[in-house]
Amino acid sequence: MKERESLWDHYLKKGMSRRSFVKGCVALTSLMGLSTDMVGKVVEAAEKTPLPVVVWIHGHECTGCDESFIRSGSPLTSDLVLNEIALEYDHLLSAGCGEPFEAHLDATIQKYYGKYILAVEGATTTKDGGVYCMSGGHTFSHLLKKASAGACAVVAYGSCAAYGGIQAAKPNPTASSGIGSFVSGKPVVNVPGCPPIPEVMTGVIMHLALFGQLPPLDSEGRPKQFYGNRIHDTCYRRPFFDAGMFAETFDDKGAKAGWCLYKLGCRGPETYNSCGNLRWFQGMSYPIQSGAPCIGCSNKHFWDEDPLLERMPKYAPVGNVDKIGAVAAGAMAVGVAAHAVVSIAQKNMKEAKELENKKE
Amino acid sequence: MADEIKKEEKRKVYYIFSPFLRIFHWIMVVSITVLFITGLLITTPYLTYSAEPTTSWMSLDWIRNIHFLFAYIFTASFILRIYGFIINRGDRLFPHFWKGYFYKNSIEVAMHYMFLKFEHKPFLRNPLARGAYAMIYVLVAIEIVTGFGIYYMTDTSSIGGMAFGWVVPFLGSEYMAHLIHHYVAWGIVLSALGHIYMVIRAEFMEGEGEVSSMFAGTKMLHHEPFDAGHLDGSLK
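Top line first, the protein sequences correspond to chains A and B.
Residues 1 to 360 in the numbering used here are what the first sequence lists, from first letter to last.
Residues 1 to 236 in the numbering used here are what the second sequence lists, from first letter to last.
Any given hint could turn out to be false.
[Unchecked claim] Here are the simulated lysine-lysine pairs, DSBU-like style, with alpha carbons at most 30 Å apart:
1) Lys353/A with Lys10/B
2) Lys347/A with Lys117/B
3) Lys10/B with Lys359/A
4) Lys6/B with Lys359/A
[Unchecked claim] Computed footprint of chain A on chain B; a stretch qualifies when at least three of its residues, placed anywhere within it, have a C-beta under 8 Å from a C-beta of chain A:
5) 34-45
6) 143-156
7) 188-197
[Stated by the list, open to error] Cβ-Cβ distance ranges computed for the label pairs, FRET-style:
8) Ile79/B with Pro173/A: 50 to 60 Å
9) Gly207/B with Asp306/A: 47 to 57 Å
10) Gly291/A with Pro19/B: 52 to 62 Å
11) Lys13/A with Asp155/B: 36 to 46 Å
12) Leu309/A with Ala228/B: 51 to 61 Å
13) Ile87/B with Lys253/A: 54 to 64 Å
By construction, these hints were calculated from the structure, which means they are not laboratory data.
As the structure is a computational prediction, the values presented were derived from the model and not from experiment.
For every residue, glycine included, the Cβ atom is placed at its ideal position computed from N, Cα and C.
Can you make the complete structure from the sequences, with help from the hints?
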C-alpha cells in the first residue's frame, strides 16, 4: 500500500516536525467530536492509515454545501483536500473536465474498488427515468449507482442527499429523494443541513479516513457527535426561554435585548445540529445569534414545514389549533346543554307515561 | 313522610371498580388537567416583560418540569390500572368487539342518546361508553408515545431513548410529533368534557350511582343489568 501515504508520511515528506504532527492530531481529535483520551488512537491511525481516496459527486442541488465546505477553518479546506484526503474526483473542485475527467472517474473506481469513500451532495431525481439531473451524459442516479457500487462508505452531504432537500418540496415535480435507496448495501452517513456546518463536513470525513469505520450514528443515520443535541438545548439564548423572556416581533424590546426567538417560529427545539456549540465559521456566529430564528434546515421535511416564522398553535396544516379546539369546546358546551334539556324533557315524558300506566 | 321524600324500593348493589382503577382514574383527572394547561403554556408561553426572571416565581423551565413530572406520574399510574385489571373483572372495560351483542347494544344506547328511544336496557357499564374508553386509551397511548418520543431525543442512548427513539423517524419529523401530541391533547380534553356530561346525565336520568361509583366502586340498580354476568364471568 505504499502508493498511498498516511498523514505522518505526508508530514515527513514536507519536513514538518513530530511536534506539529501531534498538535495536528490533537486538533483533529477535537474537531471529530471525540474526547481527549482518544488522542493516542488518532495519532496511531494518522501514522498507519493510508490517506483515504475520496470521490465526490454532485446531484440535484445548489452546491451550497461546497460553499460551506470551502470555509472550513479547522482543518483548513485546502489542507484537507490537498494533504489529508486523496480527492480523486470532484465535480466542483477538480481542474479537469470533459472525457478525460470522466475516464479518470472510471479509472479511480476500478483502481480503488471497495476502498474509496464516496461523498454525495444533492438529491437524486427519479421521475421520467431521472432525466432532470444529468451528469456526464448519464442520469445522476446512474452515476450514483456506479460510484457507490465500489465505495466502502457513502457520505450524504446536505439535506438534499440525506432527505431530498428543497427540490423535494411539495409537489416535488422531479420526484427528488435522498440517495439512501440508490446505494443499497453500503453504509451511509447522513450529514444533513442546508448547508451542513463546514467543520462537521470535514470532521465526518476525517473520522472515516482515520478509523476506517463509520462514526456512531443515530436512528436517522446522522453522526451522534454532531447531531446528538438539539440546537435549543445548546443555544446561548436558552436561559431566556427558561425564564419566559421572548421576542414577539423582530423589532421589539425583546428582539433588541437578544431574548429567545421561540415565538418567532424558531425551530431550535426540533432541530439536531451543532450550530449551538460549534457555531459557524470558526465560532463566529449562527442564525439565532444574528437574530434570525432557526428554520431547522437539517430536519427532514423542513422545506414543507412553512410558515417558518410561526410555531404551534398558529403553525398547523389546519390553522390555529388552539382556536379550533376552543371553538370545538364551546360548540360542545352548547350541544351538551341542548342535549341535557331534551333529556330532561324526555325523562319527564317517560315518567308521565309511567304514571298514566299505573293509574290505568 | 310523603312518598316523594322517602320511598322503599328494592335495589341491587354491584361492586364494580376496584380501588386501583378508582385511584388511577383520579390521578388521570389531575394529570390530564395539569398536562393540558402546562402544555398550552409551553406552546404559547406568556410573557414576563414586567418581571425580572430572578423575581418571577414561575418560569417556563418550571412549567416544562411540571409537565414532565405529571407525564411520569400519569404513565406510572398505569401500574394501578393494570393490577386492577388483573385482579378484578369489573375493571375489565375492553369493549367486546368480537361479540354480536356489543353492536346490538351499542346501537340501542346510541338510539336512546339520539332521543329515538325512550330508554335503553340497563347496563352496569354500557357498551358505547366502553368503546369510548377504549378510544381514550388509544389517544393516551399516542400522547405517551409522542411525548416520550420527543422527550428522550435529548439522550438517545438511554433506555428511554432506545424505547422511544423510533417515534420521530417513524413520524417523519419532530415537528410532526409535536403537532400530533398537541392535536391529540385537544382530542382527549374534548372527550373528557363529553365524558363528564354523560356521567352526570346518567346519574340524573337513572339515579343509580354513576358518579359515586368512581368513589365507592359500586352502583345501585333497580333493574337487572344486561351485563351483570361480566362481573362473575357467567356472560360469555
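> For this structure, which hints from the list above don't hold up?
Replying inline: none
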